[in-house]
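*Asks:* Sequence:
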Amino acid sequence: MAGRPAPWLSRDHELLCRAVREAGKIAASFFGKRLAGWDKRPGEPVSEADLAVDDYLRRALLAERPGYGWLSEESEESANRLTAERLWVVDPIDGTRGFLKGWPEYAVAVALIAEGRPVAAVVFNPATDEFFEAVIGGGARLNGAPLAIGERTELAGMKLLVSRRERQRIVEGSGLSGCVVEAISSVAYKIALVAAARADAVVSLSEKSDWDLAAAHLVLAESGGRMTGADGGELRYNAPRPRHDSLVAANPTLHRLLLERLGRR
102 MAGRPAPWLS
112 RDHELLCRAV
122 REAGKIAASF
132 FGKRLAGWDK
142 RPGEPVSEAD
152 LAVDDYLRRA
162 LLAERPGYGW
172 LSEESEESAN
182 RLTAERLWVV
192 DPIDGTRGFL
202 KGWPEYAVAV
212 ALIAEGRPVA
222 AVVFNPATDE
232 FFEAVIGGGA
242 RLNGAPLAIG
252 ERTELAGMKL
262 LVSRRERQRI
272 VEGSGLSGCV
282 VEAISSVAYK
292 IALVAAARAD
302 AVVSLSEKSD
312 WDLAAAHLVL
322 AESGGRMTGA
332 DGGELRYNAP
342 RPRHDSLVAA
352 NPTLHRLLLE
362 RLGRR
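Once you know that position 152 of the sequence shown is 253 in the working numbering, the rest is easy, because the numbers rise by one and skip nothing.
What the hints contain is simulated information worked out from the structure, not anything from laboratory work.
Predicted model, so just to flag it, every value in this text is computed and none were measured.
You can take every hint at face value.
Calculated lysine-lysine pairs in the BS3-like style (CA-CA distance at most 30 angstroms, straight line): (1) Lys202 x Lys134; (2) Lys141 x Lys126; (3) Lys260 x Lys202; (4) Lys309 x Lys202; (5) Lys309 x Lys126.
Make a model of the complete structure from these sequences and hints.
*Replies:* In structure tokens:
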């Protein structure tokens with residue numbers, strides 16, 4: 102049963118929700134338009150929209166919480182990232198590649214981290230007006246309605262969400278060809294859809310960063326789901342190297358079955 106968060110956490114969650122809603126308006130103002138975009142590194146696109154959203158969130162969140170750390174995909178991390186008691190982890194537009202193509206599969210994803218785990222989070226898809234949010238111990242919600250993960254207990258026929266670049270590798274190489282597979286750009290949005298029981302699982306066997314996973318991880322966990330690496334290892338955030346080799350997200354039963362299947366690949 103969802104409980105009442107500490108007063109400081111309630112205030113931070115309210116700040117986070119306000120800031121992400123405004124950030125979503127900025128992202129939406131760019132969506133579907135011809136944008137300046139470039140590759141930070143091969144295969145990692147960024148656009149003027151990513152930078153505008155990032156700039157707004159940095160100003161809005163750190164102005165109110167100047168002592169908090171900052172880790173974002175699109176800006177330099179704060180000097181106190183590893184020592185700050187609390188840290189904002191930000192992906193201004195998760196799913197930039199799809200965003201630039203006009204696909205409504207992107208999300209503004211922001212989490213507040215304390216002691217290596219997310220304690221407040223928002224995943225917002227402005228294109229579909231889906232606002233997923235969670236507070237640790239307080240449950241998860243979609244547009245104000247409580248979330249509960251699905252109850253499927255068999256891999257066969259389950260709806261599996263993957264990235265387009267990994268679809269063949271996961272489905273054919275991991276023995277999951279009996280699933281209904283859908284490719285979606287944003288990993289945070291994919292995980293949030295599992296939390297909302299609109300899909301059954303997310304699997305990725307490629308490296309992800311803290312900003313890809315932290316916000317959606319809390320939404321999933323507070324809906325009753327489980328997310329780890331494909332080796333079953335727990336995901337901890339704000340390490341010196343904020344990277345994760347893989348992820349498996351599902352309800353506890355499917356999560357266990359997926360780890361078993363992937364362990365035999």
